[in-house]
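Student: Given chain A, put chains B, C and D in place with the hints provided.
Number of protein chains: 4
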Amino acid sequence: MPPPRRFILTIACPDRTGIVAAVSGFIAEHHGWILEAGQHSENESKRFYMRYEVLAESLPFDLSQFRERFRAVADAYDMRWSIADSSVKKRMVILVSRQEHCLADLLHRYRVGELDIDLCAVISNHRDLESYVGWHDVPFHHVPVPAGDPEAKNAAFAQVGELFERYDADAYVLARFMQILPPSLCERYAGRIINIHHSFLPSFIGARPYHQAFERGVKLIGATCHYVTAELDAGPIIEQDVVRVDHSDQVDDLVRLGRDVEKAVLARGVRYHIEDRVLIHERKTIVFT
Amino acid sequence: MPPPRRFILTIACPDRTGIVAAVSGFIAEHHGWILEAGQHSENESKRFYMRYEVLAESLPFDLSQFRERFRAVADAYDMRWSIADSSVKKRMVILVSRQEHCLADLLHRYRVGELDIDLCAVISNHRDLESYVGWHDVPFHHVPVPAGDPEAKNAAFAQVGELFERYDADAYVLARFMQILPPSLCERYAGRIINIHHSFLPSFIGARPYHQAFERGVKLIGATCHYVTAELDAGPIIEQDVVRVDHSDQVDDLVRLGRDVEKAVLARGVRYHIEDRVLIHERKTIVFT
Amino acid sequence: MPPPRRFILTIACPDRTGIVAAVSGFIAEHHGWILEAGQHSENESKRFYMRYEVLAESLPFDLSQFRERFRAVADAYDMRWSIADSSVKKRMVILVSRQEHCLADLLHRYRVGELDIDLCAVISNHRDLESYVGWHDVPFHHVPVPAGDPEAKNAAFAQVGELFERYDADAYVLARFMQILPPSLCERYAGRIINIHHSFLPSFIGARPYHQAFERGVKLIGATCHYVTAELDAGPIIEQDVVRVDHSDQVDDLVRLGRDVEKAVLARGVRYHIEDRVLIHERKTIVFT
Amino acid sequence: MPPPRRFILTIACPDRTGIVAAVSGFIAEHHGWILEAGQHSENESKRFYMRYEVLAESLPFDLSQFRERFRAVADAYDMRWSIADSSVKKRMVILVSRQEHCLADLLHRYRVGELDIDLCAVISNHRDLESYVGWHDVPFHHVPVPAGDPEAKNAAFAQVGELFERYDADAYVLARFMQILPPSLCERYAGRIINIHHSFLPSFIGARPYHQAFERGVKLIGATCHYVTAELDAGPIIEQDVVRVDHSDQVDDLVRLGRDVEKAVLARGVRYHIEDRVLIHERKTIVFT
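Protein chains in written order, with this note's numbering: chain A, 4 to 292; chain B, 4 to 292; chain C, 4 to 292; chain D, 4 to 292.
Do not rely on the hints blindly, as some may be mistaken.
Stated by the list, open to error - Quick list of the computed label-pair ranges, beta carbon to beta carbon: (1) D:Asp140 with B:Pro63: 52 to 60 Å; (2) A:Glu190 with B:Ser48: 48 to 56 Å; (3) C:Leu58 with D:Arg83: 32 to 40 Å; (4) A:Trp138 with C:Glu190: 37 to 45 Å; (5) A:Asp249 with C:His284: 19 to 27 Å; (6) A:His33 with C:Asp152: 53 to 61 Å; (7) C:Asp152 with A:His145: 33 to 41 Å.
To be verified - If you want the ones that stay clear, here's a sample from chain B, every Cβ over 12 Å from chain A, calculated: (8) Arg19; (9) Trp36; (10) Glu39; (11) Gln42; (12) Phe64; (13) Trp84; (14) Ala87; (15) Trp138; (16) His144; (17) Ala174; (18) Pro186; (19) Arg191; (20) Tyr192; (21) Arg259.
What the hints contain is simulated information worked out from the structure, not anything from laboratory work. Where is the CB? At the ideal position from N, CA and C, for every residue including glycine.
One chain only, chain A, in its complex shape (with noise of 0.2 Å):
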């Protein structure tokens, strides 16, 4: 049995006394049902921040009239507000270079339902997996990024670019897809896009940091997902996880393990995302699991 049909409501406003009592009150007024609620304050920006799912066939009226009903109550607050529906699928485009097993793991549970959306496209610098992705019958782009050339660089994000724009998905997951984006797409699509870098961060960041946790000699190693800002590797973090290690183990062995981590991780930040689970505050986030 799938779970019913919900309204996915979020909100970001100025802490005060009475947001909840307006937000479950506009609700219980119109007989709604809620199914699951979160809730924080954020202590030194006195921000306030809540997440409510509530049963769809409980409400009256549809997202439409929603949006429009609830708009008095969100004015009085000043409210920064979204409201989804879990009938309709979240669009998600797949960024990947040559490495597959998160964009293996990604369209295993997309697949079998566990990730309930509409995966519009993969996007690859290289051909290696086009026809894995067309086995699953998602639409493959290749777009060669060239190492040395500015300008053709330039005009392979121009065509990337254009791909994020024609898709106008709910995430740009970049797995393990080893280029960095430029500025003008980070800020464009901020909140969007979503990487898995293969390091517990804020250790390791950069290139090869499978290669920095051998040398320094860590215990463990890790894995983050977090939201893709111009700074490289310092956007906010979704979600961490590790794995630990131990001087027998050697850079090839640290990526091995280091895989299973990554897919983990990319896999729980990615369903918060869609889940609508994530709210962003200034560098960091708010997880409501």
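Tutor: For chains B, C and D alone, kept in the frame of chain A given last:
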């Protein structure tokens, strides 16, 4: 800077629309500031559970007035509810036998203020830990429980029962107390007696769980903090954790490694309990962390 | 750069002095280079276990000569021993029913070369995964197992037995194969049949462990990879792991979260097995990781 | 029953064939019983490391005779080596400032015999913990370290240096000692000074790591036990661990949750060190657990 004084409201009632609106409406009406909120619907039983932390100074009345005024809301929704004042320390009694690691851990957290409680007394069936407890200025009661003499045993537990009654505590913590409490005590103090069992329940119920774990060759050992009921090791679970072991670990190693898990799990469970974060639903718990 | 060719020597024998000296002396005498070593003494049974990885090219002879020459050492210490050549791929057969996550995970690791095996075939009592397996160029055998018809069931398992014999594999992996193998198969292929059980054994033996876990209200759920014996879910454990859950997780959530643990635990267990890292001691395993 | 007396042999030498045979041959020749063995080859530097635990009573000679007789083997392979007697307690000095959780944890393990050491003294730049240490019958030295007065600071560390020399310990443990040791001490006692850093290094080097972690919004916080070198927080890592946090955890929560990780990580690191399980290889460690 200590955290501010809070009123902690916990509620259990039949699930229906409007509960959150009624409760948050009541609080908003009196300009109460909600610091933390948790809620949960039990699908099958259609019971609703919630927990609010409200800034005490934001409300225009004290606890007894809160109780009086809130009654109308509570009655309308058929609530079982309680309200606690964070500035009133919870009363705790610890029971221990000879193994002291859990006791020492709790005493340390108590002494440095991490566990902000009124530690009424320690009860033990042995004298081994008397001076150690004494150094912490905590009353110590020695109640020997003779093996193999049912009458003497009954007398001993009658004395334990008197101490329970005298101290009227919010929590009776069995910190490796190697005696089985009589059903009458378990029932009378249901929801207030907390045990640490040295296995990952329901694996290895009963005696010598580390020996059982060693015999079975498990690759992880664990500990379980649970409320005590008349049925051995079957009460509602509050918290659990595990640690990795391997073939080279002998029973002594399991005991040693397990001690650290026991301490950590008991400390977390006790903390959740005294912060009124644990609500019991039949044989299970809801823990608002 | 792939790892170099190695000879993997595993030994079990009565414990006494001089074993390591005899084995390492034999290897040193022929200028063999030991890459990795593990050893373990079972205290109670006084059995000794060891595993060596020797660089193949450092030895002046091949596997059959090794076998011949080492016999004198082995006999002197009453060893049960085996030697494997890392360049000879282990043969594997996977059995699966309808749930595909474990199969998909193993197929992915096989396809990208992480699991360096000869994947002989997939056997299933359903046709659901036939095309998916086919895409990987792996033979697929559909052997329906009719419920409630003992004779037809026997015939089905006779067919499974023939496939086992035909492929003569080093590992028969039950990757969520929801049928109980007959004792005759379990005994004949003892130490070669690997199962993934979807609970932290010995908790929740038998059917629907996630439902059992939900009912009990545990705070961690797990998975167990073990050798199959005639006694249900009681074979030697190779690997286990857990993931944290809470009161908000319904059975469906446990199933979803558990899938990731099952995949990870099975993949690790299978890897240990095909790298000859697992030695069975009565009902337990020694795993030289 | 306590574990039997063992000789613990650790060796580092250039890697070549025959080392294990030579060492195990020497032991077998004298009918020595190997209880535990670990070995490791560093690929790049071609250094070989090993550790043996030999049952003392199985050998016909004592430690000094072992040293004498083993010299020929050691010289033939250019070994740096040491041999320890498990019945001779390791000498330990603990340094602490005001935060007592790590000290209390170590004292508890010492008092109940889990940490089987000779605890020579506690040195502190404050008097806060004097009576607590005194209750454990351990000498306490108060060495105030005046801030902002370089000469007085030098004098203080000269006094610390004298205490180091007087006690001639096997381990100097900085159990949340909030002063930076002068390079001369770090160098003189290289490989014997152990620090617990309250972050998952190399993240958050330096002061106030929990504040740094909070600012960055990480989803796990950690602790690192490492040898102290002249370069701040850059010494060889012995052990690390992490704990999950989320957006609701404020700095105070991170500090509280982190304390438990610090205690556990330091206790494990100290145990590995006093059992001669840690060998230092350049900036990294080999830990034979």
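Student: Go ahead and decide if the range 19 to 27 Å is satisfied by the Cβ distance of Asp249 (chain A) to His284 (chain C).
Tutor: holds (24 Å)
Student: Find the nearest Cβ of chain A to the Cβ of Phe64 (chain B) and say whether that gap is larger than 12 Å.
Tutor: holds (15 Å)
Student: Just double-check Arg191 (chain B) for me: nearest Cβ-Cβ distance to chain A has to come out over 12 Å.
Tutor: Non-interface label on Arg191 (chain B) holds, nearest chain A Cβ at 35 Å vs cutoff 12 Å.
Student: Examine each Cβ of chain A, and state whether all of them lie more than 12 Å from the Cβ of Ala87 (chain B).
Tutor: holds (20 Å)
Student: Beyond 12 Å from every Cβ of chain A: is that where the Cβ of Arg19 (chain B) lies?
Tutor: Per Cβ check, Arg19 (chain B) is inside 12 Å of chain A; nearest 8 Å; violated.
Student: Please check whether the beta-carbon of Arg259 (chain B) is more than 12 Å away from every beta-carbon in chain A.
Tutor: Fine: 19 Å to the nearest Cβ keeps Arg259 (chain B) off the interface.
Student: For Pro186 (chain B), is the shortest CB-to-CB distance to chain A above 12 Å, so the non-interface label stands?
Tutor: holds (38 Å)
Student: Taking the beta carbons of Asp140 (chain D) and Pro63 (chain B), is their distance inside 52 to 60 Å?
Tutor: Between Asp140 (chain D) and Pro63 (chain B), where Cβ atoms are some 56 Å apart, the hint holds.
Student: For Trp138 (chain B), is the shortest beta carbon distance to chain A beyond 12 Å?
Tutor: holds (36 Å)
Student: Does Trp36 (chain B) clear chain A by more than 12 Å, comparing its Cβ with all Cβ atoms of that chain?
Tutor: Trp36 (chain B) is in fact no farther than 12 Å from some Cβ atom of chain A, at 5 Å.
Student: The hint says 37 to 45 Å between Trp138 (chain A) and Glu190 (chain C); measuring C-beta to C-beta, is that right?
Tutor: holds (40 Å)
Student: Measuring Cβ to Cβ, find out whether Gln42 (chain B) lies farther than 12 Å from everything in chain A.
Tutor: At roughly 5 Å from the nearest Cβ of chain A, Gln42 (chain B) sits no farther out than 12 Å, so the non-interface label is violated.
In summary, the numbered hints that this structure violates are 3, 7, 8, 9, 10 and 11.
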